[in-house]
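According to the UniProt record's numbering, the sequence shown is numbered sequentially starting from 1.
Wrong hints could be hidden among the right ones.
[Stated by the list, open to error] Here are the simulated distance ranges between beta carbons: (1) GLU187 x LEU41: 29 to 37 Å; (2) SER219 x ASN35: 45 to 53 Å; (3) ALA319 x ARG94: 44 to 52 Å; (4) ASP118 x GLU78: 22 to 30 Å; (5) SER81 x GLU151: 25 to 33 Å.
These aren't lab readings, by the way, just hints derived from the structure by calculation. Nothing here was measured: the structure is a model prediction, and the numbers come from that model. Using N, Cα and C, we set each Cβ at its ideal position, and we do this for glycine too.
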Amino acid sequence: MSETAAAAPITGLDAVTFGEVMGMFVAGEAGPLENVTNWTLALAGAEANVATGLARLGHQVGWIGRVGTDPLGRFAIEELSTAGVQTSIDVDPRASTGLALKSRADGGDPNVVYFRHDSAGSRLEPTSRSDETLASARHIHLTGIPLALSEHTRRFAFRALDIAKESGATISFDPNLRPALWNDRQEMIDVTNTFAARADWILPGLSEAEVLTGLTTPSEVAAHYLRDGASLVAVKDGSRGATLHTEAGSWSHGVFPVTVVDTVGAGDGFATGLISAMLDALPPTEVLERGAAVGAMAITSAGDKDGLPDRAQLARFLASMASR
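My request is simple: use the sequences and hints to build the entire structure.
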């Protein structure tokens with residue numbers, strides 16, 4: 001294992017998450033990535049997106065991770081700090097921060113190419129410091145990416161589950177399937193389902209839920225996860241909106257009409273809004289509304305997190321939608 005600069009624990013958090021961050025170069029012009037000459041550097045990483053979104057909405061949020069001693073690692077630390085995210089980051093001198101290239105989409109799904117093999121983020125390991133940070137939070141948000149990235153990050157994810165169960169924190173889980181990161185499809189399904197069975201709030205997309213469960217409707221998917229022990233299941237279904245399910249009932253919400261610039265980040269935006277609303281103890285209809293609103297706002301700009309709103313921006317957006 002590499003010698004690292006150790007991170008200090010964080011305490012007193014509303015929410016904490018962890019994962020890999022990467023420097024993402026976003027194309028400033030259309031066309032194949034190999035022909036692009038104009039790039040903008042941004043931060044990438046599903047969990048970092050959610051942490052940033054929650055911080056913008058005024059929550060005390062932490063992010064645990066590992067970066068290299070390189071410009072992209074320093075950029076990630078600065079970006080998260082500037083966003084108001086409290087960080088516990090190990091710096092690894094023997095591994096590099098991951099890198100991604102993203103094409104210009106102009107209203108569609110961009111092409112994203114990742115360079116993350118054996119990255120610093122994939123070497124994240126549980127420590128007493130990370131245990132203390134996780135144990136201090138009211139809520140822990142997890143995605144399926146650490147399950148796939150490496151054995152190190154998978155151990156970290158299951159350790160986080162154990163700590164949440166011990167501390168009484170709620171756990172949200174977005175499967176966020178990345179088949180390319182897995183060696184075996186059945187292993188992906190089995191590990192992800194084992195993990196999901198221990199979470200409180202499950203946030204699958206309908207298409208990935210079909211892969212995981214073989215079920216094809218939101219109500220069937222929700223019933224499956226509620227039987228497994230979840231208290232809330234929110235199923236995302238693209239342009240058809242989302243549904244929220246608990247033992248008390250089911251609710252649905254359509255998509256908000258926005259001009260789509262880049263679809264990447266929609267799921268992270270939805271997770272941000274839903275977690276924020278749950279932390280605020282809002283009723284189910286408003287939980288779903290906030291998830292849908294932040295998800296919609298996230299796709300109105302080119303960066304994965306540039307469209308994530310603060311409280312005032314969210315209120316203005318909802319007011320403008322209500323007046324239509």
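Hints, one by one, checked against the model:
no.: 1; hint: GLU187 x LEU41: 29 to 37 Å; result: 34 Å, holds
no.: 2; hint: SER219 x ASN35: 45 to 53 Å; result: 46 Å, holds
no.: 3; hint: ALA319 x ARG94: 44 to 52 Å; result: 51 Å, holds
no.: 4; hint: ASP118 x GLU78: 22 to 30 Å; result: 24 Å, holds
no.: 5; hint: SER81 x GLU151: 25 to 33 Å; result: 29 Å, holds
Checked against the numbered hints given earlier, the structure satisfies every one of them.
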